[in-house]
Amino acid sequence: MFSVAAVGEGTGEGSRSPSVSGETLPLPSTTTERTTSRETTVTEPSSSNTAVIAVIIVVVLVLAAVAVGCFICYLRRRRRHGKNESGAQSGGAQELNTYQNKIASDIETTSSPYERVGHGVPSSSYEVLDVGLSSKSSTYEDVGLPSWAQQWGIQWEDMIISKTVLGSGNFGEVLEGAVVIGGKISKAAVKKLKAAHASPADHQNFTEEFRILTKIGRHPNIVNLLAACQHEDDLYVAVEYLPNGDLRTCLRNARSQGDGGQTSLSSEKLIQFALDIAKGMQHLAASGVIHRDLAARNILLSDDLVAKVSDFGLSRGEDIYIQTSKTRVPTRWLSLESLLRQVYTSKSDVWSFGILLWEIATLGATPYEDIKSKDLPSRLENGYRMPKPSNCDDELYGLMMQCWQEDPKERPAFKTLVSILKSIAENQIEKTYMRLLPKSEDYMYLMIRPQLDDN
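Note that this note's numbering has the sequence shown beginning at 756, numbered continuously upward.
Read the hints as simulated data drawn from the structure, not as lab findings.
Each hint should be verified, as a subset may be incorrect.
As the list claims (entries may be wrong) - Using C-beta positions, here's what the derived DEER-type ranges look like:
(1) D988 with Y1139: 44 to 52 Å
(2) R1096 with E1023: 33 to 41 Å
(3) P1205 with K1143: 32 to 40 Å
(4) F826 with P975: 44 to 52 Å
(5) P1142 with K1170: 23 to 31 Å
(6) P1142 with H952: 39 to 47 Å
(7) K1164 with V1061: 26 to 34 Å
(8) K1170 with R966: 20 to 28 Å
(9) A1041 with K1143: 47 to 55 Å
Note that beta-carbon positions come from the ideal geometry of N, C-alpha and C, so glycine has one too.
The task is simple: from the sequences and hints, build the whole structure.
Next up, the structure:
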């Protein structure tokens, strides 16, 4: 380009004015003035035009940048909208189809000797209830999870729920489903609190169970929390899916099925169940959580029959808990101090573990089956304890009796129980701790009274 320099009158960047001897001619001076005037006339408009052009260029660039930004935003919104409207098959629904196929494949290829109860679902009954992406209202604003649960929160579009009900109650239900976390889909049992039908107490209990799950964290012998989501006033809590149902049903199904003691369980497996549960409860106690409802019905079994502690609806995250409400409690599994004074500690859970150990040894018999619930506290206070099952070793029964000590301080801690059960498990080559009875002797198993199963 070019630059415009300021020049003084009579000087310039070109040839100097010619000089004539003896006189000074006015003409060259006039010519210089005209030249300077002409340069000024030419260069001033050029400077103005350059400034205008520069401004125009800047404005155009800014507008272009804004336009490009808007276009990018539009594409992103369109992409999201496409996922919500027409992309469900390639997003959430496609994942669900894959999940459905996997369920069918799992059921076809599984040959477990145990009857599938509760969580076992035929593939033909699988129907889509909800895929988050396809049903979320664009006008509804979710309240969101509490601060202590944020790390477990997922988007509604990552929650997949079926119509298969695994369990239900007056204010909630458990549905088969799945969650998508980090691009990976995992089977889940999704607990749903129906806000419209739940009382304030129901809300509190459900939220407390959720809080306990977040406090416990992950452990191989506890039913682990996977994720949670708040959607249109309803709280959804997804825990791991365990297809083999609860331990009590497994035990009862395994009662003698033929002569010669041919059952679907072994003494070694029964001891392993007890050890698994003790490990899970040791973790709970270390986390400062009291279960308050430890029983075989609340132990779930994984694909490879690992026992996992579940159902934290009555659990409390305190060292000592005194019940003041009228919440229904499972009388036959409660410790003496809990029955008499409504006091709960980790040692109360140890008492319940002794009852659970007795359930395992008897293959799911009903505790105190010949005693009425209202008479149980006084009988226990007077020293009554359940007798040794005929198929149970003295050492194992002695462990139950330690759990049923009247003074909580005299009961072993779960850490001690884990150590003892590990020794028993390692010694089973030389000794049988729970003898499985043949069909000809199965009358010796204690009675099952379903009407007393949960109280």
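Here's how the hints hold up against the structure:
For the hinted restraint 44 to 52 Å between D988 and Y1139, the CB-CB distance of approximately 49 Å keeps it satisfied. Checked against the given bound of 33 to 41 Å, the beta carbons of R1096 and E1023, roughly 39 Å apart, stay inside it. Distance hint check for P1205 and K1143: the Cβ-Cβ separation is about 24 Å, which falls outside the suggested range of 32 to 40 Å. Remark: the range hint 44 to 52 Å for F826 to P975 is upheld by a beta-carbon distance near 51 Å.
A hinted range of 23 to 31 Å for the beta carbons of P1142 and K1170 is consistent with their spacing of about 28 Å. A hinted range of 39 to 47 Å for the beta carbons of P1142 and H952 is consistent with their spacing of about 45 Å. Against the hinted window of 26 to 34 Å, the Cβ-Cβ separation of K1164 and V1061 comes to about 32 Å, which satisfies the hint. The hinted range of 20 to 28 Å is satisfied by K1170 and R966, whose Cβ atoms lie roughly 25 Å apart.
A hinted range of 47 to 55 Å for the beta carbons of A1041 and K1143 is inconsistent with their spacing of about 31 Å.
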